[in-house]
Structures are given as structure tokens and as C-alpha cells.
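Sequences are here, hints too, so could you generate the full structure?
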Amino acid sequence: MSKSSVAVIDYGMGNLHSVASALEKVGDGVKVMVTDCPETILSADRVIFPGVGAIRDCMAELKARGLDEVIQEVAAQKPLLGICLGMQALLETSEENGGVECLDVLPGAVKFFGSDLRDAAGGRLKVPHMGWNNVSQAIEHPLWAGIPDASRFYFVHSYYVDAPEFVAGSCDYGVQVHAALACDNVFAVQFHPEKSGDMGLRLLSNFLSWDRPAAFFPVTD
Amino acid sequence: MALAKRIIPCLDVDKGRVVKGVNFVGIRDAGDPVEVAKRYNEQGADEITFLDITATHEGRETTAHIVEQIAAEVFIPLTVGGGIREIKDIRAMLNAGADKVGINSAAIHRPDFVKEAADRFGSQCIVIAIDAKRVADEADGRPRWEIFTHGGRKPTGINAVEWAIKMVNNGAGEVLLTSMDGDGTKAGYDLGLTRAISDAVAVPVIASGGVGNLDHMVEGIIEGRADAVLAASIFHFGEFTVPEAKAYMAARGIEVRL
Numbered sequence: 001m002s003k004s005s006v007a008v009i010d011y012g013m014g015n016l017h018s019v020a021s022a023l024e025k026v027g028d029g030v031k032v033m034v035t036d037c038p039e040t041i042l043s044a045d046r047v048i049f050p051g052v053g054a055i056r057d058c059m060a061e062l063k064a065r066g067l068d069e070v071i072q073e074v075a076a077q078k079p080l081l082g083i084c085l086g087m088q089a090l091l092e093t094s095e096e097n098g099g100v101e102c103l104d105v106l107p108g109a110v111k112f113f114g115s116d117l118r119d120a121a122g123g124r125l126k127v128p129h130m131g132w133n134n135v136s137q138a139i140e141h142p143l144w145a146g147i148p149d150a151s152r153f154y155f156v157h158s159y160y161v162d163a164p165e166f167v168a169g170s171c172d173y174g175v176q177v178h179a180a181l182a183c184d185n186v187f188a189v190q191f192h193p194e195k196s197g198d199m200g201l202r203l204l205s206n207f208l209s210w211d212r213p214a215a216f217f218p219v220t221d
Numbered sequence: 001m002a003l004a005k006r007i008i009p010c011l012d013v014d015k016g017r018v019v020k021g022v023n024f025v026g027i028r029d030a031g032d033p034v035e036v037a038k039r040y041n042e043q044g045a046d047e048i049t050f051l052d053i054t055a056t057h058e059g060r061e062t063t064a065h066i067v068e069q070i071a072a073e074v075f076i077p078l079t080v081g082g083g084i085r086e087i088k089d090i091r092a093m094l095n096a097g098a099d100k101v102g103i104n105s106a107a108i109h110r111p112d113f114v115k116e117a118a119d120r121f122g123s124q125c126i127v128i129a130i131d132a133k134r135v136a137d138e139a140d141g142r143p144r145w146e147i148f149t150h151g152g153r154k155p156t157g158i159n160a161v162e163w164a165i166k167m168v169n170n171g172a173g174e175v176l177l178t179s180m181d182g183d184g185t186k187a188g189y190d191l192g193l194t195r196a197i198s199d200a201v202a203v204p205v206i207a208s209g210g211v212g213n214l215d216h217m218v219e220g221i222i223e224g225r226a227d228a229v230l231a232a233s234i235f236h237f238g239e240f241t242v243p244e245a246k247a248y249m250a251a252r253g254i255e256v257r258l
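Same order as they appear, the protein sequences are chains A and B. Yeah, the first sequence ends on 221 if you go by UniProt numbering, and it's all consecutive. Yeah, the second sequence ends on 258 if you go by UniProt numbering, and it's all consecutive.
Worth flagging that the hints you see were computed from the coordinates, not collected in a lab. Heads up, some of the hints might be wrong.
[To be verified] If the Cβ cut is set under 10 Å, some of the chain A residues that face chain B in the computed set are:
1. 13
2. 37
3. 40
4. 43
5. 115
6. 125
7. 130
8. 138
9. 173
10. 193
11. 198
[As the list claims (entries may be wrong)] With a cut-off of at most 30 Å between alpha-carbon atoms, the simulated DSBU-like pairs for lysine-lysine come out as follows:
12. B/38 x A/31
13. A/126 x B/115
14. A/25 x B/88
15. B/166 x A/126
16. B/15 x A/111
17. A/25 x B/38
18. B/133 x A/126
19. A/63 x B/115
20. A/63 x B/88
21. A/126 x B/186
22. A/25 x B/15
23. B/166 x A/111
Predicted model, so just to flag it, every value in this text is computed and none were measured. Glycine included, every Cβ here is placed at the ideal spot set by N, Cα and C.
This is the structure:
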């Protein structure tokens with residue numbers, strides 16, 4: 001039953017077709033549900049929380065659909081993968097839009113790259129951080145299985161995650177970007193696995209066969 | 001270990017076929033767009049740009065269908081341009097599987113369109129496509145480039161560098177800069193133009209128009225300070241593969257995704 005169903009949360013922030021079609025591609029028969037229905041999300045074996053755009057709109061859309069609490073519930077229960085804005089929304093706060101309270105599933109803040117971002121040699125770095133950057137793996141994790149350390153993934157974002165703990169991977173773009181976080185059954189990535197070629201597909205495939213870490217789930221029945 | 005400069009093969013599509021002309025005329029067939037896109041993906045292209053050069057209503061429906069087929073098989077970023085005039089055109093392309101849309105003449109007719117599009121869909125998916133030509137120098141002797149429309153035939157009098165700044169301020173997240181002097185000529189990018197715009201805006205700039213050899217791509221990055229280089233015919237007709245281009249650039253110290 002490890003590959004039975006995955007819900008992709010659709011809350012009106014960005015195009016989810018590429019996430020869904022990448023899951024179909026690697027899913028080996030997994031049922032992919034693109035949905036904003038709380039019951040459907042809560043019934044899925046795994047949940048993906050994607051998103052692009054601005055955080056204030058993101059949080060407003062989630063709350064309008066009652067999905068903020070659904071995501072917090074999912075985060076306590078089953079494998080959850082946050083992608084891009086979906087990752088950022090899982091943190092405590094974001095500097096974007098003048099400061100926005102987020103879902104507080106993971107510790108950490110989302111910060112602006114700044115308008116004068118420089119590399120180590122003093123060269124100007126463009127914002128958004130757009131393109132393929134190396135992700136250094138900070139821990140061993142089932143989602144990194146088969147993915148060489150420092151593999152490149154596709155990023156596009158103007159705000160970055162700065163987390164005090166649970167860092168699973170990072171990349172350098174003038175600042176240290178926490179590109180992946182892992183805590184219990186939650187994994188979150190700043191890059192777009194659905195647009196990162198073979199390595200991205202591998203990560204999604206790993207997610208679909210990731211069994212929830214039993215240690216964190218006391219038997220309830 | 002840094003952000004890679006991107007190599008972007010461009011598919012100019014007319015009536016469902018990849019074509020390539022010289023200075024936007026003299027068309028040559030380069031194959032089925034889905035097959036061509038798959039081939040570039042397998043070669044390790046960093047992105048694919050798809051330009052619908054007919055851009056009629058029927059053409060756009062064909063384009064959406066082709067984009068859908070590509071997006072189901074190619075899991076790298078896909079930009080679609082050509083005939084994007086209204087919010088619903090953007091929505092149709094994003095729904096078909098595009099990650100970004102290129103807006104060109106619609107922005108010239110109505111500059112606020114870029115702002116509305118960026119507000120609605122986010123800057124990350126709005127690319128301002130600029131077709132520019134070198135014109136007579138400014139009074140103080142500095143070079144001047146102007147925006148041209150209609151395949152380079154119609155001048156607008158708009159200063160290309162000022163236009164890029166304005167469109168980025170309106171929310172464009174990337175600039176696709178095509179030198180109409182260079183396009184299809186294989187004489188190289190207009191490096192002065194590329195550098196002027198890359199230095200003027202904070203967002204990434206894609207150099208386009210005129211690639212004839214791999215040195216041109218290297219120059220576009222190093223001298224033009226572009227973040228990505230786009231090319232069509234050198235890839236379509238088998239002169240170079242994407243891995244050859246990347247290896248050549250890497251050997252000259254440019255960070256690429258190998």
C-alpha cells in the first residue's frame with residue numbers, strides 16, 4: 001500500500017499540472033488527486049503542498065478554504081512534501097508582503113535576498129534566484145536516495161528559507177539558502193522537483209515510496 | 001558550486017512544425033515540436049522556449065495542445081511566447097503546462113498588461129520579450145537600441161534599455177532579449193545591447209538572436225553578462241548538441257549544469 005494515493009493541494013496558487021503530471025510519470029499507478037477538498041486531502045496516503053506566488057495571497061487562500069488547519073493536521077499524520085511557496089508557508093513567518101505569519105509547522109523564517117545581493121567575489125547576483133543550483137545534502141534521508149550530493153535542481157524564488165534546525169540540504173546564492181528541510185514525516189524543498197529533470201523525478205518517486213517514520217507515530221487503535 | 005548559466009534551445013513553431021528563418025523570413029522546417037523538445041530534454045537542455053510565430057487564434061489552440069504534449073513528457077521549465085495578449089491567453093498556456101509566458105507586443109500596446117499579469121500569476125512566470133535593433137546613436141554618442149515589432153519591420157521609437165527597466169518595474173521576472181540585427185544571421189548576439197540591459201535590470205536576462213557558433217554563447221555570458229543563452233538553428237540542424245555547447249562553455253570557466 002505504499003503507493004496508493006497522493007493529494008496535491010490546489011488552493012489557486014499557481015499551476016499544479018506539472019506537479020501532477022510528474023507524479024503520474026513516476027507514480028507507477030499511484031492515484032494523483034489535485035484537490036482543495038479537506039476530506040480528500042486528509043484521506044490521501046501522502047500530500048504534496050506546492051505553490052508559487054506571494055505569501056500573503058497564499059495564506060489568505062489557504063484560510064479561505066480552511067486548508068491551514070488541514071495542512072497542520074496532515075503534517076502531524078502522514079508524509080507531506082512542501083514545494084517552493086508551499087515550503088515557505090510551512091515556516092513561522094515570512095518577510096514578504098511586509099511580514100506574514102505562516103503555518104508554523106517547521107521552525108524558521110523566510111527572508112528577502114535583498115536588492116544588492118553579491119557572490120563571494122563581489123559579483124552581482126540577480127533576483128529572483130532562477131535556474132539550476134547545486135544542493136548540498138546535509139543529512140541522509142530516504143528522499144535523497146539515488147540522488148548524488150550536490151546535484152542541481154531548478155529554483156525560482158526571491159525569498160529564501162533560513163531555518164535554525166532540520167536542514168536537509170542547502171545551496172549558496174550570496175547567502176546560505178536552506179533548500180530542503182526534513183522533520184519527522186515532513187519534507188520541504190525550495191526548488192521545483194517537478195521541473196528538475198531526472199533528479200527531480202527521482203525525489204518525487206522517493207516521496208511516493210517513503211514510508212512514514214514509524215517512530216513518530218504512536219499506534220492509536 | 002554556483003547557479004548555472006542556462007542553455008535554452010528555442011523552438012519557433014508555425015502551424016505545428018518547428019521552423020527557423022533568417023531575420024524572421026526564409027523559413028526552414030526543423031521537425032515535430034514534441035520530438036524536438038524531447039530530444040533537447042534528453043540532451044540536458046536547462047529549459048525550453050517555445051515561440052508560436054503564427055499566433056493566430058487557431059494557432060494558439062494548436063500551441064496549447066503541443067505544450068500539453070511536451071509538458072507531459074519533459075520535466076524542465078517551459079516558456080511559451082507568441083500571441084500572448086490577454087490574461088486568458090496566459091491562463092491557457094499555464095494550464096497547458098507552461099511555466100512561464102513571454103509577453104512582447106501586447107506590452108507595447110498596453111504596458112499595464114505586464115503589471116496585471118505579474119499581479120495575477122506572479123513575476124516568476126512573466127517574461128518580457130524584447131525585440132530590439134541598433135539605431136542611430138544618442139546625441140551624446142552613446143549607442144541606442146529601439147524596440148521593433150512585426151518581425152523587426154516596425155519601429156516603435158521606444159528605447160530598449162528604458163523599456164526593459166520599465167517592464168521589470170511592472171513585475172516581469174525575466175527578460176528575453178532578441179537582437180533583431182542578429183537574429184538568424186549567425187553573427188553573434190548584440191553584446192553591447194545584452195550588457196546594457198543585463199546591467200540595467202535586477203532580474204535574469206536571456207540573450208537571443210544570432211548564435212552561429214559556441215564562442216557566441218560564451219561571449220553572451222561573459223561579455224554580455226547574460227544569465228542564459230538561447231539558440232535555435234545551431235541545435236536544430238545538428239551543428240552542435242547541447243552537451244557540446246555546455247562542455248565548451250565549462251572549459252571556458254562558465255558554470256553550467258553538466
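Which hint numbers doesn't this structure obey?
-> 2, 3, 4, 8, 16
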